[in-house]
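Residue numbers (our numbering), protein chains in the order written: chain A, 59 to 212; chain B, 641 to 852.
If you are wondering where the hints come from, they were derived from the structure by calculation, not from laboratory data.
You may find that some hints are simply not true.
Restricting the straight-line Cα-Cα distance to at most 16 Å, the calculated cross-link-like pairs of lysine to aspartate or glutamate (EDC-like) are [unchecked claim]: (1) Lys745/B x Glu99/A; (2) Lys683/B x Asp666/B; (3) Lys748/B x Asp120/A; (4) Lys748/B x Asp116/A; (5) Lys745/B x Glu709/B; (6) Lys730/B x Asp666/B; (7) Lys683/B x Glu92/A; (8) Lys683/B x Glu99/A.
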Amino acid sequence: MNDEVPLDDEEFDAGLLEEELRRAAVILDPLPAELRQIAVEAYALHDLDARIAELTFDSVVDAIPVRGAGDVPRMLTFRAGEVTVDVEVTAQGLMGQVLPPQPARIEVLSGPQSAAPLLADDMGRFTTDAPLSGPFALRLRTGGEVVVTEWLRA
Amino acid sequence: MTAGTVPSAAYDDLPYTRGGAVDRADVGALVRSAVDGDAAAWKALVEGLSPLVWSVVRAHRLSDADGHEVYQTVWFRFAQHLGRIREPEKAGSWLASTARHESLKVLKSLRRLTVTSDPEVLDRISEDRTPEQSLLDSEEAAAESERIRRLWQEFEELGDRCRQLLRVLMASPPPSYQEVSAALGIAVGSIGPLRQRCLRRLRARLDARGAL
Numbered sequence: 059m060n061d062e063v064p065l066d067d068e069e070f071d072a073g074l075l076e077e078e079l080r081r082a083a084v085i086l087d088p089l090p091a092e093l094r095q096i097a098v099e100a101y102a103l104h105d106l107d108a109r110i111a112e113l114t115f116d117s118v119v120d121a122i123p124v125r126g127a128g129d130v131p132r133m134l135t136f137r138a139g140e141v142t143v144d145v146e147v148t149a150q151g152l153m154g155q156v157l158p159p160q161p162a163r164i165e166v167l168s169g170p171q172s173a174a175p176l177l178a179d180d181m182g183r184f185t186t187d188a189p190l191s192g193p194f195a196l197r198l199r200t201g202g203e204v205v206v207t208e209w210l211r212a
Numbered sequence: 641m642t643a644g645t646v647p648s649a650a651y652d653d654l655p656y657t658r659g660g661a662v663d664r665a666d667v668g669a670l671v672r673s674a675v676d677g678d679a680a681a682w683k684a685l686v687e688g689l690s691p692l693v694w695s696v697v698r699a700h701r702l703s704d705a706d707g708h709e710v711y712q713t714v715w716f717r718f719a720q721h722l723g724r725i726r727e728p729e730k731a732g733s734w735l736a737s738t739a740r741h742e743s744l745k746v747l748k749s750l751r752r753l754t755v756t757s758d759p760e761v762l763d764r765i766s767e768d769r770t771p772e773q774s775l776l777d778s779e780e781a782a783a784e785s786e787r788i789r790r791l792w793q794e795f796e797e798l799g800d801r802c803r804q805l806l807r808v809l810m811a812s813p814p815p816s817y818q819e820v821s822a823a824l825g826i827a828v829g830s831i832g833p834l835r836q837r838c839l840r841r842l843r844a845r846l847d848a849r850g851a852l
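Given only the sequences and the hints, what does the whole structure look like? Please build it.
Structure (structure tokens):
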């Protein structure tokens, strides 16, 4: 670069180049239209009444990697106040437990559509054989309360 | 930042800066309206901020499948947290930061699980042509098309740091530095100098090739 170029000119050139890149991105690496639409439809997921169970443990982040172990289940823990949900995700599906132990109706959500509920037994245990893919959340109805786990990518 | 106002003769007829650009000052108001049940406000947020989320995902070079899932997860979580976001005017930073964290999580799980494949392998630009690409294929646009492709190629070959920063900066509408900071985990104050340096480097590469 020429050192004598005044800073303003350099900034002008930088601005031009950034703008060129912006146009190139729109043409060569655009946001797919279907993804924009999915985000528009995601509005249906906003629910001011449900309590959010936040992710407090994720084995992908918090656990020490197991070398050589092929198919390690993903362990997740969500918490909303005194309610804890432990979940284990495997290639076969999902199993988990609501703590303190209590019966619950649980929906495995994969988007704004509703899902067939499953039931947790008196110990709070539940299981499904449907493998998870993509984003998911669990909606639990228990003791007159609705708790939804934070959306996560399976 | 002056980038949004720089005039240029080429592509004036392409609506690259339009498409429901949200004035960043309005983001807080739109979030509050969406909380109150205004679906149009939500749509305006998506129009204005989804390119930023996409840019953050692309900056991390996720595969198409992973990138799409991260993008969806970010918007689902944003909808879920809508009424609980403490600083609605910073929704762009919230989205950018969530996209960053989810992208890093994908990269981390890939490193854990794959031994054979390189997690940095980039899905090449899709073979499917967008309408904009088809437009570029017309004869009179062929030279422009070549120029854009060469620019993109040089951009792709920049070092990781510059490539990441520029990929986020080139979202349209342009992100604020707060949003860029949230997207990449770098201090706001270092973005300006880093941007200058990366664009200078890109310009030097293009000059060396006699392009643009």
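Evaluation of the provided hints:
{"no.": "1", "hint": "Lys745/B x Glu99/A", "in the structure": "violated, 25 Å"}
{"no.": "2", "hint": "Lys683/B x Asp666/B", "in the structure": "holds, 13 Å"}
{"no.": "3", "hint": "Lys748/B x Asp120/A", "in the structure": "holds, 11 Å"}
{"no.": "4", "hint": "Lys748/B x Asp116/A", "in the structure": "holds, 12 Å"}
{"no.": "5", "hint": "Lys745/B x Glu709/B", "in the structure": "holds, 12 Å"}
{"no.": "6", "hint": "Lys730/B x Asp666/B", "in the structure": "holds, 10 Å"}
{"no.": "7", "hint": "Lys683/B x Glu92/A", "in the structure": "holds, 14 Å"}
{"no.": "8", "hint": "Lys683/B x Glu99/A", "in the structure": "holds, 9 Å"}
The structure is inconsistent with hint 1 alone, although it conforms to all the rest.
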